[in-house]
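**Q** The lines below spell out each chain.
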Amino acid sequence: MRNLFVDEIYKMMGEDSGIVFLTAECGFNVVEKIERKYPERFFNTGIAEQSLVGTAAGVSLRGLRPVAYTMAMFLAMRAYEQIRDDVAYQNLPVVLAGVIPGLGYGNSGTTHHAVEDTALMRILPNMTVVYPSCETDVRTLTRKIFQRNTPCYIGLARASADYQPNYDAGAIEIGKAIQLTPGRDAALFAFGSMIPAAVRAADILKKDGIGLSVYNMHTVKPLDAEAVRKAAKECGLIFTLEEENVLGGLGGAVAEILAEEKNVSCQLKRLGIPDEYCDVNGTQSWLHVHYGIDAQGVAAAVREKLK
Amino acid sequence: MKIDYAEKAKELRRSIITMLHDANGSFSGGALSCTDIITVLFNSFMRVNPQNPNDPQRDMFILSKGHCSSAMYAALVSVGLIPKNELKKYGKNGTRMFIHPKRGTYPGVEVSTGSLGHGLPLGTGSALAAKILGCDARVYVLMGDGECNEGSVWENAAFASFQKLNNLIVIVDRNGLQGCGRDSQILNYGDMGAKFRAFGFHTIDIDGHSYAEIENAFQQATTLHQDRPTAIIAHTVKGKGVSFMEDRLEWHYKSPDDEQFSAAMEELS
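Chains A and B, in that order, are what the protein sequence lines are. With the first letter of the first sequence counted as 1, position 194 gets the number 194 in this note's numbering; the numbers rise by one all the way through. When you read off a place in the second sequence, starting at 1, and then add 1000, the result is the number in this note's numbering.
Hints may contain errors.
Using 20 Å as the maximum straight-line C-alpha spacing, the simulated EDC-like pairs for lysine to aspartate or glutamate come out as follows [as the list claims (entries may be wrong)]: (1) K1131(B) x E1250(B); (2) K1131(B) x D16(A); (3) K233(A) x E260(A); (4) K1164(B) x E40(A); (5) K1102(B) x E81(A).
These aren't lab readings, by the way, just hints derived from the structure by calculation. Model, not experiment: these values are computed from the prediction.
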């Protein structure tokens, strides 16, 4: 997804001379075409995330539109106070691009996993938080976050080569979930890298006669509370799926809505990384199986709840 | 006409003492140590237009040591960006004259600061943007010396000099005292100028209370057509101008009571 994001930004930089691209030493073999074509609007701050985010905020002070692009865990955590104070608090239109959130860096281990970025970003006032899941998402959401002219975080997971969405760009609106499969037995909200697994889980369950209604919650903030309420009424059972810590992420966000909802009886099950640091080595897909958040694991969790 | 900096600085110091007394606020010491620098900067170098405060060509002043906002607010009053009456709101409940300033509350309050080590990257970004836009605006970043403990300062100092930002001027208010004691006993940075020089800055050490030296330093920073940012290391006295506050750690925190307020105002009359 990072290649697609960079490609879209590259196009946008040709259309809008106000876009400035900054990276903290991230993007080898990805960002070079921007550097070559627009050297006067491309900056590498070095391995220095605080400097990256502060500088990007400063660039926006004179009306330019900076993108701060670096690895999700270092962006979201190393520079968190800069994101809060310099970007969110001052409501400056900085696009924060978090490269490979979740477990995408697999066997690089816990220091390289960003399983906290969803929770950290969504608690910041003024911040829009999106996670594209496919080429259509990434190209459309990238343009839409620029139109907002406010702070935005975009999580750029690894793309799943064999997943094709069943909707087109027109279906994508910030803050609106997209229903991907029909189903009345349970609903599942997922985003970004987990969408392919969610859709496959629905396929698996369909063969068992179970209808799983899958939603692409590409915008974690502002969250589509209406879609959650609708699913709660229709199914009475909601799953959330993310390769993030279940505390505070999408699962937390959906739980907050359901807990405050009147006259809705709905059970919630959060699927994701439990409240622990990964203590076993594994690639992204291996870890998905390990934590039961691959398609089979999700299907099994749904079956278990419906027993 | 020669500007009477001494008189203008006294006026600022009276405003500062009044604000801190009325608000029962902290940080007298650090506001008074940078008052002379701010006086010269705002009277002779900052290009601001009160009729059009958001002029894209304007210079920007970034108070990185945000806790000393009283000095900045007083200066913004002196150049006509804020009405004097507003100073009465400083730190008061229900007002927007924040002790740690917030962007957008008043003309000239360009960024929100309060957490240390943020102003330099913000200033660097603004200076970079001015270069990209081809405008000759300058950015002045005022930092504390204790603030230079923060790693983000040095991350960004390297970047600013590498980008040859000759429109960026950093002033370090080297008053030698930070929150818990003397810098020299906490985390001794020694020759601060040498450190900025090593990071590629043009560096000038001055007496931060000598108007001639301050003026000369800003003159150098704005007229030498060099290819690098400037760091002015201004050696100052915390609490300068009020004898019983000078070089005393407790005035990082204390606000003057009624008696101290009267004594200070008399010294500054």
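**Q** Run every hint past the structure and note whether it holds.
**A** Each hint tested on the structure:
1. For the hint linking K1131(B) to E1250(B), the alpha-carbon distance of about 42 Å lies beyond 20 Å, and the restraint is violated.
2. Between the alpha carbons of K1131(B) and D16(A) the distance comes to roughly 17 Å, so the proposed pair stays at or under 20 Å and holds.
3. At most 20 Å may separate the alpha-carbon atoms for a hinted pair to count; K233(A) and E260(A) meet this at roughly 14 Å.
4. The hinted pair formed by K1164(B) and E40(A) meets the criterion: a straight-line CA distance of about 13 Å does not exceed 20 Å.
5. Distance restraint check for K1102(B) and E81(A): the Cα-Cα separation of roughly 16 Å lies within the 20 Å cut-off, and the hinted pair is therefore satisfied.
The structure does not agree with numbered hint 1 stated previously, though it agrees with all others.
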